[in-house]
Amino acid sequence: MRRRDFFRKSVGAGIAAGAALSFGRYNKLLGAPASHAKYDMVALMGGEPAAMFDLGIQELGGMGMFVTKGQKVLVKPNIGWDVVPELAANTNPDLVKRIIEHCFRAGAKDVYVFDHTCDNWINAYRNSGIERAAKAGGAKVVPANTENYYQEIEIPTAVKLKKAKVHELVLTTDVFINVPILKDHNSTRMTACLKNMMGVVWDRGYWHANDLHQCIADYAMFEKKPILNVVDCYNVMVKHGPQGISKEDLVLMKSQILTTDWVAGDTAAARMLNLDPQQIDYIQIAYKMGLGTTNLDSLNIRRIKM
Amino acid sequence: MTSSFLRKFRILFSTIVLICFICVFADFRAVIPEKYVDFLLYLQFVPSALKYINLMTMLAGGFLIVLMLTLLTGRTYCSFLCPLGIGQDYFSRMGERVKRKFGRYGYKKPHTLIRYTLLALTLGTAVFWGLYLVTLLDPYSIFGRFMTYFGKPIILLVNNFLTWVLGKFDVYTLHHVDIRAFNPLSYAVPTVFLLLVGIMSFVKGRLYCNMICPVGTFLGLISKVSIFRVKFKESKCTRCGRCSLRCKSSCIDFLNYNIDVSRCVNCFNCIDVCPEKALSYGFIASGEKVEKPEKAEKTDKGRRKFVAGSLLMFLGISHGAGGQEKKGTVVPAKASSVKEPRTYPVCPPGAGSFEEFTEKCTACSLCINACPNDVLQPAIKQYGISGFMQPVMDYHRGFCAFNCTRCTEICPTNALKPLLLEAKKLTQIGKVVFIKDNCIVKTEKTACGACSESCPTKAVYMVPYEDNLVIPETNQDICIGCGHCEYACPVTPYKAIFVDGNPVHVAATKPEIKETEITTPEEFPF
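Chain order of the listed sequences is A and B.
Under our numbering, residue 305 is the last one in the first sequence; the count climbs by one each step, no gaps.
Under our numbering, residue 674 is the last one in the second sequence; the count climbs by one each step, no gaps.
For the record, the hints were derived by calculation from the structure and aren't laboratory data.
Built from N, CA and C at the ideal position, the CB exists for glycine as well.
Do not rely on the hints blindly, as some may be mistaken.
Said to hold, decoys possible - Chain A regions said to be covered by chain B (calculated; three or more residues, Cβ under 8 Å):
no., stretch
1, 63 to 70
2, 114 to 127
3, 210 to 218
4, 234 to 246
5, 272 to 285
Isolated chain B (complex conformation):
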C-alpha cells in the first residue's frame, strides 16, 4: 500500500489507544469496569509476559499476539499499542512545531552497542536476580508512572476547577478531590525518565525507543524476519531524501535504498511524504530490495565479545549480591525506640506474600492510581531496594475499603491476584496491634473508640474500663489488616493502634455471629 491512508489510520488508531490509556489512569472515580481495563492492558508486552510467566495460562497470552504481530508486520506495536511510544510521537510533533530542525531527522547509525547491552542486562537481571531493570525500563510501567505522578494531579486540578465552577451554580455532579503528593523520594525515577524520554522525543523522534527501550530492541530483533515491511521501489525513487528526513526512527538510508527494519516503528510517515510513491508497505517477497546484512559481520565481533563479557560479569556479580540481598529484603522497619513496633510493611490484598509480590510487580502504579481510598502509596524502602516505587499500604494516608477489590482486579502483571470480594474480606494482610499506653482512654480518661467504630469485623472491640469508660481490646484472628483502626486513631505522633504486615497473607477467621437478647418491643419503653 502506498496511500496516505496508512499514516492516517496509524494516527487515528494510536490516538484512540492513548486516550484509552489516559482515561484508565485518570479514572479516579472507578467508573471504567475492570474488564475494559484488563482488555486494554492485555496486549501490553511486558505486563502480559510477566502475567503469563506467573500464571502459565493462555488467558495472559497478549504478548504472544504481539510477538506474532511483530513477526508478520514489524514493530507495529511501538506505533499503535505502546502508550509511551504514542506519547512520544506527540512530543516529537510539539518539537517540530517549536523548531523545524527537530522535525528533520535524516539517517543515523543505530546505537547497536547500547541497545543490545541494555536488552541483555534487562533480561539477564530479570532471569537471575529480579525485575529491577524491567521495572525501570518497561515502557508501559514508565507511562503508568508518568500518569500517576504527573498526569493525575493535572487531571485533578482540572476536575477541581470544574467542581468549583459548577459549585457556584449549586451543581454538585462533580466533587473536589484533594491532590496529595507522594513521598518526594518516589518522584526521583519518574522525573529522570520524564526528562530523558521527553527531551529525546522532543528533539530526536524515536531515539529513546531505538536506543534504550528493551521492548523496542527486542521487537526490533524479531522484526528483522518480519514479512511485511516498508520498502523502496527503486525505479520510482528520485533520491529526494524526504522520506529519510521525515523518519522519526532515523532508519531510512535512502542512498542505499535501505530501511533498518529493526528500528522502523511502522509510523508510515515516509510513505505519506514520498512524492513519487516510491515507498510502500507490503509483503516482502514482492519487494525489489531486501535489507542487506551490511558490514555488521566485520565490525561487530569485538563488540559482541564486550557485550557478552560485560553481561557475564554483571550477572556474576549481581547473582552473588542477589543471594545476600534475599535475607535483607524483608526490612524490619524501625528501631525499638519507636512507639509503633512495626516488623513488616503491609502489602496489598492479592499479593499473596511479600516476596512473591515484590518479584512480580513492575511499579506501573495503576493500582496506586485506582485506589479509591488513597491507601496505596509508592514504597520507598519498606520492601527493600527491589520494591522501590511498588505499592505499599500506608494507613496514615487511608485505609483499605472493606468492600473494594479494585487493585486486585486491574493489576496487569498478576502481582496482585484477583480476589473475589468474599475472599478478600477474609484475607489477612496484617494484624492489629493495640498500644494501650498511647490510648486516649487510658491517658486522658475520656471516651474515644474511633478504632473499634471503624473496624469492619470487630476485631477491635471495647471492654469495660475505669469509671463509665470502655477501652479497646483486639482479636487478631478475625482481623484482616484493613488499617481503618490505625487511620481513625486520633493520637499523634504515634498511633495507639496499628497494623503489622503479614509477610505471607493468611486466611482470617470469620467473626462469630450471635443472636441478641434484645427483642422487638411491643410497647414504647418511655
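So here's chain A without its partners, still in its complex pose:
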C-alpha cells in the first residue's frame, strides 16, 4: 500500500467510525424502553422510603421495565439546600440509594446523581446525606456547580423557554429517573416532579424572570423526559418551603408516588399538600400543553397501604 492510499483509507475509516459513534446516541434514543408498566401510577403509604420503593417498583413491574442492561442512568433527586435529612428539604437519601441499587440490579452500567443546588453545592451534597448514600449505592456523584457542565438545547415548542442550558448528563445518559421531594413552595405553592427540573438547568434566574409557571411547563416539552418519577412524600414540608426553617414545618406522611406521568404525579402530590391542582398554574399549563393528565380518574392507579 502506498503511503497516500494508507492515509486516504485511514481518514475514511476514521470518518466512518466517528459517524457511527455520533449516530450511536440516536440509536439509544430510539431504543429507550417504552413504558409497559402495569400501572400509570403507584401510590404507597405507611412504610419507610426504601421499603415503599421496593414494593412500588415491584407493582410497576420491576426496574427492568425502565432500565435495560448496559444503560447509563441519571437519578435526579432534589439536593437544593444545605439542610440535614431530618428537615426534609432534600430528597430522602435512603430512597435515592435504593433507587440506585435497583438500577444496578436491572443491569445499569453507570448511575449518575447531581443537582444544581441553590445553597453551596459542596455543603448541600454533603449535609443532605445524598452524596454519601448515592456513593454507597455505587452511583457517581457529579458536580453541577459551574456553567461548563451545561450544554445549550432548544425547545422549539416552548412558549417562553425556547433555549436552555442543561447538564451534560441529561444528554449523555440513556435513562432519566426523576426523584423529587414534595414540598410547599412560597411562590409556585408546591414543588415536586416538574419543578425539580430547575435543578438540571444552568440559568434558573431566567425562569424566575420570564414567567416561572410557563417556563416550568415549557421545560417539560424537552425531549429528554424522565421515564419514571418517584415523588418522596415521606416527610413533607407543608410551609416555609422550599427551604424550611424548622421541623415544625414538616408533616410525617410516610407516602410515595411512583408514576410515568409527571403531570399526574404533580396533581396527586398537590392533593397530598391539601392544595387544589386547579390553583397551581404550571400544572394547568402543562396539562393544556399535552404533557400529561390532571384527571387522575382516567389513570390506572394502584394504591397500597403498608
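Following the hints, put chain B in place on chain A, whose structure we already have.
This is chain B only, laid out in the frame that chain A set:
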C-alpha cells in the same frame, strides 16, 4: 555548629512552612480544619501582635514567642517562618540560575535611613492613625494577597485542567471552579508589590527584607542583642570572601570579620560555603569577635534628627487628617438616583462593627480566599480609604452561606471574631430592603419568589397579590443579612431586593415557629 546541617535544616524546614502556607491559601474546598490554619498562623508576627492587642490574651501570644526567638537566635523568623521571606529565597535561587551575577552578593552598607524611617512611619501611623502602612507592608499580608490575587487562579487553572482530564474518563472526584477576577482596581497594590519584591529578591537577595520590611527591621533591632549568632573564627579564616558573596543579606564584611546581625536572617549559607569552617553559629560569649558599634555614633546624629523630625511632622499631619477622616470613613455609597439606596456596605460576620473591623484588618485576604461562596470581595472604596482591599460582602457575586463560619474562624488578626454557628445564624450584619417597583411580580405580573425561596429565616415571605399571584414582604427583625435574596433576585440592572449593611452588627430575632394545621393523612387524598 559549623556543619552544613544547619543550612539543610533551614531549607527543609522553610520549604515545609511555605508549602503549608500555600496549602492554606490554596484550600478552596475548605478541607483543612480551622485549627490547623490557626496553628500555622499563630506565629505570624503582625497578625499575632494585632490579635494580642485586640484580645489581650496569651492565646494570641505567638508574636511574643517570635520576640523571644529573636532575642535568643536573631532573625530566625525571617528565614524559617515568614512565608514572604521563604518565597523570596526561592526567587533569589531562580535569579541565580538565570544569571550567576545575581547570586553573588558581597557586602553592602545597610540602608539605615530608609529602613528605620519606614519602621517608624509604620509604627507611628498604626498608633496614631490606622493600619494603613501595616496593611501595606506586613509581610504575611503581602504574601496572602499574592496567593489570593495571583496564586489561587493558577491553582484553579491546574485544578480545572485535571478536572477536565478526569472528566474525559468519567471520573468526577474533582470539580471545576470558575476563576473570577476581583475588581481590577484591587490588583494595583498586590501587583506593585509583586514586582517590587519579585525583582528585588531576584536580583539582590534579601534586599526587600533589609530595606523595606518593617518586621525585618524591627526584628533586626532586637537581634542586635541576640545571644546566638553567626560568627568568625579569625584564626581559620583565609579571607577568601566566599561567605560574603553567598550572603543574601549582603551583611558579611569579611575583611573586618564583621557580620551585621541586624540584617542576618540566619540562612546559614555562609557556614555551608566556608571551605575552612571559619564560620559557625553559636553562643556569642564563646566567639572571638563581637560586632563593633562601627562609626555609627558620628554619622547618625544628623540622620536621627531628620528621621525624628520627619516622623513628627508626618504624625502631626496624619493625626489631624485622621480626625477629619473619621467622619468620612462610613461612606454613604451612592447618589439617590440609583435604584438600590444603599447606605452602608455589609462587613462580614464576626466583624462586630464597621469601624472596629476596618481598624483591625490587614487585608491579608485569607478570608476572601477561604470563602466557599465567593461572597467576600476586596473593597475598593466601600469602607473608605482605610478599608482598601479589606473584605466586603458582595451579594452580586455570592451570598453568605447560612451554615458557614469559615471566615470568622481563620482570621489571624481577630478582625473577624470567631462565631459559633448558632450565634452566627442570629447575627444581623445587614437588613433586607424590598423595592416593589423593581419586582417582577409587579412589573411583569408573573410569579417569581426567588428571594423568598432563598431566605433561610423567612425574613422574606410571600403574601397574596393580584390574581393568583404572591409578592414578597419582609420582616427585618429576623433578617440576618446573608444576601441570598439579593443574589437570587433575577432583576437587572438594579435588584428588587437588597441588603443594606448594619454599621454595628446586632442580634436578629429568632424566627417564630408555629405548628401546622395539616395533619398526617390516613387515606390517599386522590
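Hints versus structure:
1. 63 to 70: violated (count 0)
2. 114 to 127: Result for this restraint: holds, n = 6.
3. 210 to 218: holds (count 4)
4. 234 to 246: holds (count 7)
5. 272 to 285: holds (count 4)
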